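> What follows is each chain in one-letter form.
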Amino acid sequence: MKALSRAFMILIFGILYVPMMILVLFSFNKDNSTGSFGGFSLRWYGELFSNADAFVALRNTLILAVCSAALATVIGTLAAVGMHKMKNKYVKGAVNSLTNVPMMNPEIVTGISMMLLFVFVGGMLHLTNSLSFWTMLIAHTTFNLPYVILSVMPKLRQMDKHLPEAAMDLGCTQLQAFFKVELHQILPGIITGAMMAFTMSLDDFVISLFTSGIDFQTLPIYIYTMTKKKVTPDVYALFTLMMAIIFLLMLLIQLRRSGESSKEKNGGKG
Amino acid sequence: MNKNIAEAVPPPERKRVKLPIFSEIAAVPHMVWLALFVVLPLIFVVYYAFTDIKGDFTFANIAALSQHAGTFLTSVCYALIATAICLLIGYPLAFAISRASAKRQGLLIMLLMIPMWMNLLIRTYSLMAILDDGGIINGLLSAVGLPELHIIGTAGAVIFGMVYDFFPYMVLPIYSVMTKQDTRLIEAAYDLGCNRLSAHFKVTLPLSVPGIVSGITMVFVPSISTFYISQKLGGGTKELIGDTIERQINNPATRNVGAAISLVMMILILISVTVMNKFSDDDDKGGVII
Amino acid sequence: MKKRVLLLLSVTVIVLLAIFTISCGQNEKVVLNVYNWGEYISDGSDDSLDVNAAFEEYCKEQGLDVEVNYMMFDSNESMYNKIKTGAVSYDVVVPSDYMIARMIEEDMLRPLNYSNIPNFQYVDSGYLNPYYDPEQQYTVPYFVGIVGIIYNTKYVDDADIGGWDLMWNEKYSGKILQFNNSRDAFGTAMFKNGDSVNVTDEATWRKALGELKAQKPLLQAYVMDEIFNKMETESAWIAAYYAGDFLAMYEENPNLAFYYPEGGTNIFADAMCIPKTAANPEIAEMYINFMLEQEIGSANSEFVYYATPNTLVNENTEYIEYMESVYEGAMDILAPEFPEGYNLEYYHNFDDETLQMVNSLWEELKIDSGTDDGSVADVGVYITCVVIVVAVAAGFTVRYIIHRKRRKYY
Numbered sequence: 001m002k003a004l005s006r007a008f009m010i011l012i013f014g015i016l017y018v019p020m021m022i023l024v025l026f027s028f029n030k031d032n033s034t035g036s037f038g039g040f041s042l043r044w045y046g047e048l049f050s051n052a053d054a055f056v057a058l059r060n061t062l063i064l065a066v067c068s069a070a071l072a073t074v075i076g077t078l079a080a081v082g083m084h085k086m087k088n089k090y091v092k093g094a095v096n097s098l099t100n101v102p103m104m105n106p107e108i109v110t111g112i113s114m115m116l117l118f119v120f121v122g123g124m125l126h127l128t129n130s131l132s133f134w135t136m137l138i139a140h141t142t143f144n145l146p147y148v149i150l151s152v153m154p155k156l157r158q159m160d161k162h163l164p165e166a167a168m169d170l171g172c173t174q175l176q177a178f179f180k181v182e183l184h185q186i187l188p189g190i191i192t193g194a195m196m197a198f199t200m201s202l203d204d205f206v207i208s209l210f211t212s213g214i215d216f217q218t219l220p221i222y223i224y225t226m227t228k229k230k231v232t233p234d235v236y237a238l239f240t241l242m243m244a245i246i247f248l249l250m251l252l253i254q255l256r257r258s259g260e261s262s263k264e265k266n267g268g269k270g
Numbered sequence: 001m002n003k004n005i006a007e008a009v010p011p012p013e014r015k016r017v018k019l020p021i022f023s024e025i026a027a028v029p030h031m032v033w034l035a036l037f038v039v040l041p042l043i044f045v046v047y048y049a050f051t052d053i054k055g056d057f058t059f060a061n062i063a064a065l066s067q068h069a070g071t072f073l074t075s076v077c078y079a080l081i082a083t084a085i086c087l088l089i090g091y092p093l094a095f096a097i098s099r100a101s102a103k104r105q106g107l108l109i110m111l112l113m114i115p116m117w118m119n120l121l122i123r124t125y126s127l128m129a130i131l132d133d134g135g136i137i138n139g140l141l142s143a144v145g146l147p148e149l150h151i152i153g154t155a156g157a158v159i160f161g162m163v164y165d166f167f168p169y170m171v172l173p174i175y176s177v178m179t180k181q182d183t184r185l186i187e188a189a190y191d192l193g194c195n196r197l198s199a200h201f202k203v204t205l206p207l208s209v210p211g212i213v214s215g216i217t218m219v220f221v222p223s224i225s226t227f228y229i230s231q232k233l234g235g236g237t238k239e240l241i242g243d244t245i246e247r248q249i250n251n252p253a254t255r256n257v258g259a260a261i262s263l264v265m266m267i268l269i270l271i272s273v274t275v276m277n278k279f280s281d282d283d284d285k286g287g288v289i290i
Numbered sequence: 001m002k003k004r005v006l007l008l009l010s011v012t013v014i015v016l017l018a019i020f021t022i023s024c025g026q027n028e029k030v031v032l033n034v035y036n037w038g039e040y041i042s043d044g045s046d047d048s049l050d051v052n053a054a055f056e057e058y059c060k061e062q063g064l065d066v067e068v069n070y071m072m073f074d075s076n077e078s079m080y081n082k083i084k085t086g087a088v089s090y091d092v093v094v095p096s097d098y099m100i101a102r103m104i105e106e107d108m109l110r111p112l113n114y115s116n117i118p119n120f121q122y123v124d125s126g127y128l129n130p131y132y133d134p135e136q137q138y139t140v141p142y143f144v145g146i147v148g149i150i151y152n153t154k155y156v157d158d159a160d161i162g163g164w165d166l167m168w169n170e171k172y173s174g175k176i177l178q179f180n181n182s183r184d185a186f187g188t189a190m191f192k193n194g195d196s197v198n199v200t201d202e203a204t205w206r207k208a209l210g211e212l213k214a215q216k217p218l219l220q221a222y223v224m225d226e227i228f229n230k231m232e233t234e235s236a237w238i239a240a241y242y243a244g245d246f247l248a249m250y251e252e253n254p255n256l257a258f259y260y261p262e263g264g265t266n267i268f269a270d271a272m273c274i275p276k277t278a279a280n281p282e283i284a285e286m287y288i289n290f291m292l293e294q295e296i297g298s299a300n301s302e303f304v305y306y307a308t309p310n311t312l313v314n315e316n317t318e319y320i321e322y323m324e325s326v327y328e329g330a331m332d333i334l335a336p337e338f339p340e341g342y343n344l345e346y347y348h349n350f351d352d353e354t355l356q357m358v359n360s361l362w363e364e365l366k367i368d369s370g371t372d373d374g375s376v377a378d379v380g381v382y383i384t385c386v387v388i389v390v391a392v393a394a395g396f397t398v399r400y401i402i403h404r405k406r407r408k409y410y
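Chains as they are written, first to last, in this note's numbering: chain C, 1 to 270; chain V, 1 to 290; chain L, 1 to 410.
Fair warning: there could be bad hints in the mix.
No farther apart than 16 angstroms at their CA atoms in a straight line, the calculated lysine to aspartate or glutamate pairs in the EDC-like style are these [said to hold, decoys possible]:
no.	chain 1	residue 1	chain 2	residue 2
1	V	Lys54	L	Asp352
2	C	Lys30	L	Glu251
3	L	Lys154	L	Glu234
4	C	Lys89	V	Glu24
5	C	Lys85	V	Glu24
6	C	Lys30	L	Glu252
7	L	Lys29	C	Asp169
8	C	Lys92	V	Glu24
9	V	Lys54	L	Glu353
10	L	Lys84	L	Asp47
11	C	Lys87	V	Glu24
No lab work stands behind these hints: they were computed from the structure. Here the structure is a predicted model, which is why all the values come from computation and not from measurement.
Whenever a hint applies, use it, and build me the whole structure from the sequences.
Shown next, in the form of structure tokens:
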């Protein structure tokens with residue numbers, strides 16, 4: 001049974017990673033092709049570093065992901081706290097369902113609806129650029145919010161509601177009680193929510209496509225607009241680098257975690 | 001312990017000033033946000049769906065939908081199959097991960113999430129490089145003397161693309177529900193005479209339903225509305241409803257028809273998702289996502 | 001825990017500050033917004049000249065602090081949309097001919113002050129006063145191209161080439177690519193039928209639609225950018241595309257060959273224009289003039305491979321040598337001579353009614369599920385689907401029955 005489940009996992013992860021490996025392989029392609037491999041070379045990495053646009057797009061993607069995740073985390077955490085304490089059943093139900101709408105709605109509909117709104121408002125205000133970084137930030141925050149709220153909510157439910165009261169009995173002000181007790185309790189949920197929001201924002205293409213403006217193009221849009229010509233391996237090189245960095249980070253986190261857990265173990269024994 | 005003490009000894013009546021920020025008021029920014037950026041945009045979609053290019057009220061856009069019924073049916077079928085495959089693969093995978101050691105679980109989940117950080121476009125593009133007639137699979141086949149396979153442009157390619165791109169979204173919610181399950185329940189089932197298999201189907205599976213429902217939603221919705229996957233892997237000859245919407249919206253002359261299709265698709269999806277959520281009669285939906 | 005919160009907060013603050021400085025630091029600079037096709041300018045990759053950086057440098061020499069904000073679009077229609085909706089304001093845009101005609105008609109372009117563009121004198125007289133700008137008021141041509149058929153000599157018999165019907169040849173079923181945009185796709189069918197691509201009567205267009213519907217089962221895909229990969233890797237063998245792009249493909253796969261089909265074909269011109277809404281028209285004119293410099297024009301031409309109307313470039317022996325090194329006979333392909341009576345046509349702009357007709361015909365083609373080929377796989381899809389639905393329904397029924405039984409017992 002165990003061997004079977006292991007084999008199954010290896011198979012699935014294998015299929016998941018084969019296209020990634022192909023992508024890495026072709027980033028080292030000598031030829032200008034994403035289809036046939038001509039030989040090993042670092043040509044596309046050189047090309048990538050002389051291509052400012054790709055890095056600007058990458059930078060934009062990261063800025064947008066961090067900002068929208070941060071904004072969504074703040075609003076979302078507050079919202080979760082507020083919704084948790086809501087008494088009126090109907091208001092609560094309405095807010096709950098509306099919160100889920102951007103998550104359940106097809107991305108293309110969310111993107112289109114936002115574009116229609118932004119362009120209309122921009123037209124009303126006679127803006128020269130009604131689509132900008134800010135519209136993308138709004139759009140990304142909107143679809144990130146449900147993920148934050150849904151990650152924080154269960155932590156609030158699990159939390160013993162007498163805990164903040166106990167803290168206040170012990171002399172905390174309400175503010176202190178919130179930061180020392182409640183926030184502490186729901187922090188894992190907040191972090192998960194922020195991570196989730198960051199991931200969603202990084203991965204989003206459809207909503208960005210409809211809400212991106214002139215002065216702010218993210219990586220997916222950059223790739224999509226390579227349409228007139230072709231996708232060259234330097235994009236693959238960029239993704240290989242990104243993947244390498246992510247793997248490195250993961251490795252560090254894993255190492256730290258295992259370090260921590262062994263420390264804890266030792267501490268427990270001592 | 002805490003709870004017992006707190007209940008046994010009622011706190012002394014002290015006047016506390018309740019700061020509004022820790023009550024319902026905290027949700028106000030979110031509610032304003034919802035009104036401005038969720039409800040209002042949808043009103044715009046409705047407005048466009050019921051007006052013509054000059055802004056006059058009309059039902060013509062809705063009437064024009066009938067010619068897209070076939071495309072819509074195709075999309076539903078593709079998405080349904082992709083979702084079913086994701087579930088068939090994703091459920092055992094989630095189960096296997098949730099039973100791995102805690103340290104390995106973190107690693108496996110990370111491995112599952114990394115592809116999501118690599119952009120969908122580039123993942124799909126590399127799939128194309130593999131599946132194409134002159135791609136890597138056919139290169140290998142012809143190297144060993146087998147006949148070439150024609151994959152790109154078939155329904156199979158599109159469905160494979162959907163499964164490949166979206167199946168982490170199936171695994172994650174199921175996994176997160178499974179890890180939260182109390183393992184003592186399984187032990188209790190064993191004690192009551194269940195074998196492994198029946199314990200799984202009587203305890204683990206029913207408890208995982210919220211995760212499964214969430215996973216189905218998260219795979220089905222992007223699958224039914226995708227346009228990039230069908231463009232690249234379907235060769236543009238397999239039209240899905242997402243392609244239709246994208247083309248219509250990007251053309252100012254047909255934007256209103258596009259809005260009408262979006263509106264109808266949205267309503268249908270929201271209804272089916274709501275109905276499906278009824279099956280996960282669990283109040284704790286929150287933890288389902290991750 | 002606290003540390004982590006602090007870390008998170010400080011990261012957020014730093015990023016926000018960074019954004020603030022990015023958005024505020026450009027106040028003194030003039031930002032020139034250029035909107036062009038993707039990969040349509042020499043951008044410094046592959047040891048080429050970075051034209052936009054060179055322009056910034058050039059402006060600096062003139063005592064101007066200019067930053068070029070170079071944005072790319074993927075189709076004339078999306079570019080038009082962004083400008084029409086007022087969503088964005090650009091200083092220089094490079095639309096294609098028919099779109100320029102439409103933009104002029106809708107008063108979206110600003111007349112150029114040609115005295116600010118002295119290099120305009122070097123534009124080939126053959127490209128002056130084109131149909132889309134008959135009085136030569138709004139445009140400076142950037143690149144021109146002609147559609148031809150690219151085929152793979154390894155698989156395609158020489159006997160079959162020559163006309164547009166190669167794209168309808170059943171011998172090569174599943175290996176043919178068609179344009180994924182209405183005008184070009186209908187164009188291939190109309191040239192095949194020997195019709196003009198600028199007629200507005202529905203019968204002619206319906207006839208072309210019939211051709212395209214008949215072609216659909218033979219096609220591997222409707223494509224734009226994927227054509228490069230598909231032709232280079234020999235996934236597909238036959239496609240209509242632009243001459244300049246053929247040269248790029250030939251560089252990767254020398255089995256490819258190219259011809260201009262008998263009867264007629266489409267020529268396009270992309271030209272630089274300044275929208276009415278431009279914020280910096282003078283600098284935009286400087287930019288346009290700069291693009292016509294011999295060195296800059298040659299760099300762009302050697303990067304893009306399309307034919308240029310700039311005589312300074314076409315007389316540049318270095319450029320000619322370079323192109324011939326890519327493909328022997330490159331210049332004959334880029335500047336071909338057609339026999340008398342050959343129907344070399346621009347796409348003209350249509351009125352709304354015709355546009356709507358073309359749209360709905362294209363829609364009809366796209367949602368046409370075909371009859372013979374793909375249907376087998378699709379029947380499989382529907383059957384699988386029904387099986388899934390039945391299985392799910394059965395599952396729920398069983399569950400329901402079990403539940404009821406249980407209720408009975410307890």
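> Each hint: holds or not?
To see whether the hints hold, each was checked on the structure:
{"no.": "1", "hint": "Lys54/V to Asp352/L", "result": "holds, 13 angstroms"}
{"no.": "2", "hint": "Lys30/C to Glu251/L", "result": "holds, 13 angstroms"}
{"no.": "3", "hint": "Lys154/L to Glu234/L", "result": "holds, 9 angstroms"}
{"no.": "4", "hint": "Lys89/C to Glu24/V", "result": "holds, 12 angstroms"}
{"no.": "5", "hint": "Lys85/C to Glu24/V", "result": "holds, 6 angstroms"}
{"no.": "6", "hint": "Lys30/C to Glu252/L", "result": "holds, 11 angstroms"}
{"no.": "7", "hint": "Lys29/L to Asp169/C", "result": "violated, 59 angstroms"}
{"no.": "8", "hint": "Lys92/C to Glu24/V", "result": "holds, 10 angstroms"}
{"no.": "9", "hint": "Lys54/V to Glu353/L", "result": "holds, 14 angstroms"}
{"no.": "10", "hint": "Lys84/L to Asp47/L", "result": "violated, 37 angstroms"}
{"no.": "11", "hint": "Lys87/C to Glu24/V", "result": "holds, 8 angstroms"}
The structure does not agree with the numbered hints 7, 10 stated previously, though it agrees with the rest.
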